[in-house]
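A.B. asks: The listed protein sequences correspond, in order, to chains A and B.
If you count by our numbering, then the first sequence holds residues 17 to 117, one letter each, in order.
If you count by our numbering, then the second sequence holds residues 92 to 363, one letter each, in order.
Because the hints were derived from the structure by calculation, they are not lab data.
Among the hints, a few may not be true.
Here are the simulated DMTMM-like pairs of lysine to aspartate or glutamate, each with C-alpha atoms no more than 20 angstroms apart in a straight line [stated by the list, open to error]:
no., chain 1, residue 1, chain 2, residue 2
1, A, Lys38, B, Glu240
2, A, Lys38, B, Asp342
3, B, Lys272, A, Asp24
4, A, Lys38, B, Asp284
5, B, Lys361, A, Asp24
6, A, Lys38, B, Asp283
7, A, Lys38, B, Glu278
8, A, Lys38, B, Asp287
9, B, Lys345, B, Asp300
10, B, Lys361, A, Glu21
11, B, Lys128, B, Asp142
12, B, Lys124, B, Asp142
13, B, Lys128, B, Glu206
14, B, Lys353, A, Glu21
15, B, Lys353, A, Asp24
Nothing here was measured: the structure is a model prediction, and the numbers come from that model.
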Amino acid sequence: MTLRELIDNLLGRQPASAATAKQRLQLVLAHDRSDLNPELLEQMRREILEVVSRYVEIDLEEGDVSLETEDRVTALVANLPIKRARTTPLPPPSGTAAASA
Amino acid sequence: MTSASSRTILICSGKGGVGKTTLTANLGIALAKQGAKTAVLDADFGLRNLDLLLGLENRIVYTAQEVLAETCRLEQALVKHKQEPNLSLLPAGNPRMLEWLTPDDMKKIVAMLEERFDFVLIDCPAGIEDGFKNAAAASREALIVTTPEVSAVRDADRVIGLLQTREIQPVQLVLNRVRPKMMANQEMLAVDDVTDILALPLVGLVLEDEQVIVSTNRGEPLTLNGSRSPAGQAYMNVARRLRGEDVPLVDPTKKAPGLRAKIGRLMQTKIF
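Isolated chain A, as found in the complex (with noise of 0.2 angstroms):
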């Protein structure tokens, strides 16, 4: 964080548009990079989440996967805190059956 960002963190006000800028860009390069429209990942996100979710009990709060890029390589990134492990995993869902825990 730098001063200008707690300064205006303190104030509430809108911090300098060059961070948001480059925010907004990466995001919007990491998807035209990649090819995958958000409606793809939002699919993928859920599905990693769900077969994650049959061996370990994870934080679906704080979990996160998202598409990162760093020198023009992007790369799926996935955070997910781990509450704690099952002694057996979860069946995978069959069917339609749904496979939330």
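Fit chain B to the supplied structure of chain A, relying on the hints for placement.
C.D. replies: Showing chain B alone in chain A's frame:
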């Protein structure tokens, strides 16, 4: 001169209006002044403007099209700049005759130019469609022009991706229309932000400069008369760097005058 020693550089941006043609004109003159035989090829023949920026609009008789049709020789189509005879302009075509040019035509023309010139600069049309594909067909290296704005950077990124698939190397960045005060106040993407996002080496940093408009009004690029204006200097430096000279790039926010800029720099201090 063999084609091996000649350098063909595509000047492109994706987005329109960021300064491709202005860069091509100024860089062409700058290289010529520094002693390199230079040709500038206006590949944007539907909406050609390079002739206008160079003050050569009244001297065009033939274009690359007539050269390829063999109704004239290359020498007849090349428009030599009077004040700077090392520079010649070749318009790709005539605005009335759209859609004649193919990537193969472009390769033929550029091969002819490479036999006669040290540098061939290709002014690419905006967009990523056929005009871009034609212009890119014969290029070996590229300069990306962008401004510190989200739309320009995004479009530049698309173009960089396309150049990479064509294995055009090296691709270098010219950051245009930089406003040091806004950058210092963090109301404009920083130089490092843009170079980080696009992951390209920076070969030029051009400040927003009213003199650019004055020079286009006159049809005399800033580099022609050794202008001391910030943009004129910056264009001269791009030319020197392209020729291999080591000219340091100065971050404008680190030398912007005035108290506001100083406070701006203080505000950027990382506290945690």
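A.B. asks: A separate judgement is required for each hint: does it hold in the structure or not?
C.D. replies: Do the hints match the structure? See the list:
Distance hint between Lys38(A) and Glu240(B) is fulfilled; the C-alpha atoms sit about 10 angstroms from each other, no more than 20 angstroms. Only pairs whose Cα atoms come within 20 angstroms are accepted, and Lys38(A) paired with Asp342(B) is accepted, the gap being roughly 18 angstroms. Among the hinted pairs, Lys272(B) with Asp24(A) is consistent with the structure: their alpha-carbon atoms are about 19 angstroms apart, no more than 20 angstroms. Only pairs whose Cα atoms come within 20 angstroms are accepted, and Lys38(A) paired with Asp284(B) is accepted, the gap being roughly 7 angstroms.
Taken as a hint, the Lys361(B) and Asp24(A) pair is honoured in the structure, with Cα atoms around 14 angstroms apart against an allowance of 20 angstroms. Among the hinted pairs, Lys38(A) with Asp283(B) is consistent with the structure: their alpha-carbon atoms are about 11 angstroms apart, no more than 20 angstroms. Between Lys38(A) and Glu278(B) the CA atoms are separated by roughly 11 angstroms; this keeps the pair inside 20 angstroms, and the hint holds. With a C-alpha separation of about 10 angstroms, the suggested pair Lys38(A) and Asp287(B) falls inside the 20 angstroms cut-off, and the hint holds.
Straight-line distance between C-alpha atoms of Lys345(B) and Asp300(B) comes to about 18 angstroms, which keeps the hinted pair within the 20 angstroms bound. Between Lys361(B) and Glu21(A) the CA atoms are separated by roughly 9 angstroms; this keeps the pair inside 20 angstroms, and the hint holds. At roughly 18 angstroms between alpha-carbon atoms, Lys128(B) and Asp142(B) fall within 20 angstroms of each other, so this suggested pair holds. Distance restraint check for Lys124(B) and Asp142(B): the Cα-Cα separation of roughly 18 angstroms lies within the 20 angstroms cut-off, and the hinted pair is therefore satisfied.
The straight-line distance between the Cα atoms of Lys128(B) and Glu206(B) is roughly 11 angstroms, inside the 20 angstroms bound, and the hint therefore holds. The hinted pair formed by Lys353(B) and Glu21(A) meets the criterion: a straight-line CA distance of about 16 angstroms does not exceed 20 angstroms. Restraint check: the Cα-Cα separation between Lys353(B) and Asp24(A) comes to about 18 angstroms, which is no more than 20 angstroms; the hinted pair holds.
The structure shown violates none of the earlier numbered hints.
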